[in-house]
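Asks: Okay, here's what each chain looks like letter by letter:
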Amino acid sequence: MKQAIKIGLIGGVVEVLLSLIGMIEAFSQRDIISHIISMGHTLLLLVVLFMGYLAAKRTPGTKPLWGLIDSLISGLIVGGVLALLVFVGGMINLRKVFINASPLLYKLLTFDQGTTAGISLLLGGGALSGLLGGFISLAPSLLRRVLMVSLGSVAGAGVLQDLLRPTFALWGPLAVVNEWLFSSNGLTFHGAFGLFALITALSAFWAKKGDAIRSGVKRLPSARQRALKITSLLFLIMILLVLPQLLGLFLSEVLTIVGLYVLLGLGLNIVVGFAGLLDLGYVAFFAIGAYTTGVLTSPELGFFSLSFWGALPFAIFMGVLSGVLLGIPVLKMRGDYLAIATLGFGEIIRILVLSDFLRPWLGGAQGIGKIPKAHIGSMEFATPQQIYYLILAGCLLVGFISWRLRDSRLGRAWMAVREDEDVAQAMGINLSSTKLLAFATGAAFSALSGAIFASKLGSVYPHSFNVMISINILCLIIVGGMGSIPGVLVGAFALVGLPELLREFAEYRLLVYGAALVAMMLLRPEGLWPEALRRRELHEGESAEKESPVRP
Amino acid sequence: MLKRLRARMTPTDVVMWFIGAAILVLVIWGSMATLSEGKFSSHHWFDFIVFGLAQGSIYALIAMGYTMVYGTLRMINFAHSEVFMSGPYTAYYVAAAFYSSGFLDRQPIVSLIIIFLVSMATSTFIAILLERIAYRPLRTAPRLVPLITAIGASFFLQYTFRGLYGSGFQAYPVVKILEGEWLFGEFRILKFQAVVIIAAALLMAVLYSFIQRTRVGKAIRSVSEDKETSSLMGINVDRMIVTTFVIGGMAAGAAGVLYAVMFKQVHFFMGFIPGIKAFTAAVLGGIGNIPGAMLGGIFLGLIESVGPTLFLDGLGIAAPYQLKDAIAFILLVLVLIFRPTGILGEHLAAKKA
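Going down the list, the sequences are from chains A and B. Note that our numbering has the first sequence beginning at 1, numbered continuously upward. Note that our numbering has the second sequence beginning at 1001, numbered continuously upward.
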């Protein structure tokens, strides 16, 4: 009971915070199901559901009734705290301090029913949703999984409507699906219901038969398995090659941004994920790559006017050189000191570039403009759909290199250094060269990304290279799973791709990143798609039978 | 002797010493050139020094939080800069209310004290919350994990406050009794700078004697020496760790109001740069060492305010003041390389790597 009250209060505070920072209001622009539920209300609902779920789960004893009562109480309290906000907001003008406590917010929180009716709605709705959360928590595991997957995919389809709608529209026959599924804002009611039913059926089927199919594939002769793998790989490459034509201009632009972050993430993954050197000034190498390209190619400064391909080797070389130069001083530092020193380096580079002192060479605050696009023969990489191929080639190359490096002698040396420097040194690993190679490789990848970035934008400004970029990249490799190459992809799509698609999200991007970092470290330090080894390490203490099978 | 030295030097050491020597030569050359030019009178230098002292004592107060947390938990509380920001940003609304009701002009001392208390209370609250939610569950985790958590918490707090209070700069109301200047012979001091220096010195004296003289202070020091032994001696380690966060939060909240008095504006991003600078100060003085943090803060403030003009102006660099942050960061990197134990941090060096 006490536990339930505590959970309810926490949930209520979270909801009030979400309302006051303006997230609910911003998210209410978009409907998940047209005219029925908006994204803002979904967010509120999710919190209550989760709190009800937790309350029921934390209830001692085995009687489900007590669990349900607890979840009901916690839901009621969550609703009550929100109602308190509405009540207080009605009495005094909170807007003087909290700029987001606008009349619209209260209208949203009371479901446009006026204060009194709204408050009772909040209480009743909170209690009901808490109860629902309790039901989900107490339901048999198969039902719970199926329910979560299908509810999740309906919400996902609603959230990602901007991605799905134009994609379907490009395909003649699928346009019908589009009509049926989506209205002008959000899913239609019958669409949402149909989708829910379809996904429920599919996931129930997979839950029953999935293991059989998987073991069926495993029992195939090895030649057949290999053929299956190669076919799926070829299929994947085919899709990657035609993707921009399928997705249209806007989504290709999003893809190119994600691609640039994948490049950066793969580089930082070597430094942080493989070698365990926490580098917070990683953006410096991105800046060095971009600025080298800018200085060498732009006619604006007039020193050189190489083509993109002429400047690229220099950009990468400068990246490697600066990686080594910045690496030497920090060779002896560990952990936190290294993080702060590299953060300092990143800021030094940015301040120098921004200063008037280097203005004649680097353009100061105005940056460098008129950077030419890349060419191959007569083919120009100018539009997002064309640049996509440039970035794809870069990602494939860098991904291949990281993949091969990971299992090489050097890769194993990096991981040994990550685990324990002293032991690694005792095993005969040359710490200096190993660490410098990590810095240099990471910097090279980052400089490559910077060069492409410069040619994509056509100009470089010092403000594009602030410490937030370093934090973004760090976030995406941590969320994906440190040291895991597919993890970088997952992280980049989740943390860079999603916010690009959700315009409302842009304002709260760093807030969510911060929360994601903390939550990740507290709950799942190995990341979403962890490397097998690291996962085992971080869960060493837990019992062996609980360990789920290692993912590919 | 020389032979032994040669055997111990690796190529990277040679490179490092070369870089160090080059920077030293540049600094000396620049200072000589600036001083011989005589572009700046002694009044200018005096102003620089007073400004540096004021700024430095703010750094010193923030640095205390970093250094105490590092002492007990061996982690950089990256989110301490947000603890610093949250106080004055919240207290701004109190100050604005006082200003518009005229209370600030009628009772300036009382209202300043209330503003201080609100700011310190908010910062302390945020610091306790941080410890409870983000750091306590991770006490035994690998070292990188709490650091990453701290970075995440820092951004979360920054953007939460941005969401709550808005993204613009808020101009702190001017306190009339702090305007104007005092004359000492032919030198003049801006009143608010003098007040900042005196208030910070007082606070540091109080906090320092609290840690040196009281039982709780003794317990905190013993926890930072050795957690297990202290808990065997009957000290509640968890409570002492919370106490360090409380003291750090109070110091940061007070520093925040002084910062607002000095620069007259608050902003959700205002903690970032002073936070890194204060960390630099803590490292300068020897992290984990409380008098070291104070000394380091004041030293850093002075270098930052005098340095750009003294070192760079003589070298003919345009607008040297833009490079003051770069000077602070270069100083940080140099200290980390050549004397990672800091000026006073000798006895902790043996235990940690």
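Honestly, the hints are just simulated from the structure, not real lab data. One or more hints might be untrue.
[Claimed, not checked] Result set (DSSO-like, lysine-lysine): computed pairs, CA atoms no more than 27 Å apart in a straight line: (1) B:Lys1039 / A:Lys96; (2) B:Lys1039 / B:Lys1227; (3) B:Lys1324 / B:Lys1264; (4) A:Lys107 / A:Lys96; (5) B:Lys1039 / B:Lys1218; (6) A:Lys96 / B:Lys1191.
Note that the structure is a prediction, hence the values are computed from the model and not measured.
Asks: Kindly indicate which numbered hints from before are broken by the structure, ordering the numbers from low to high.
Replies: 1, 2, 5 and 6
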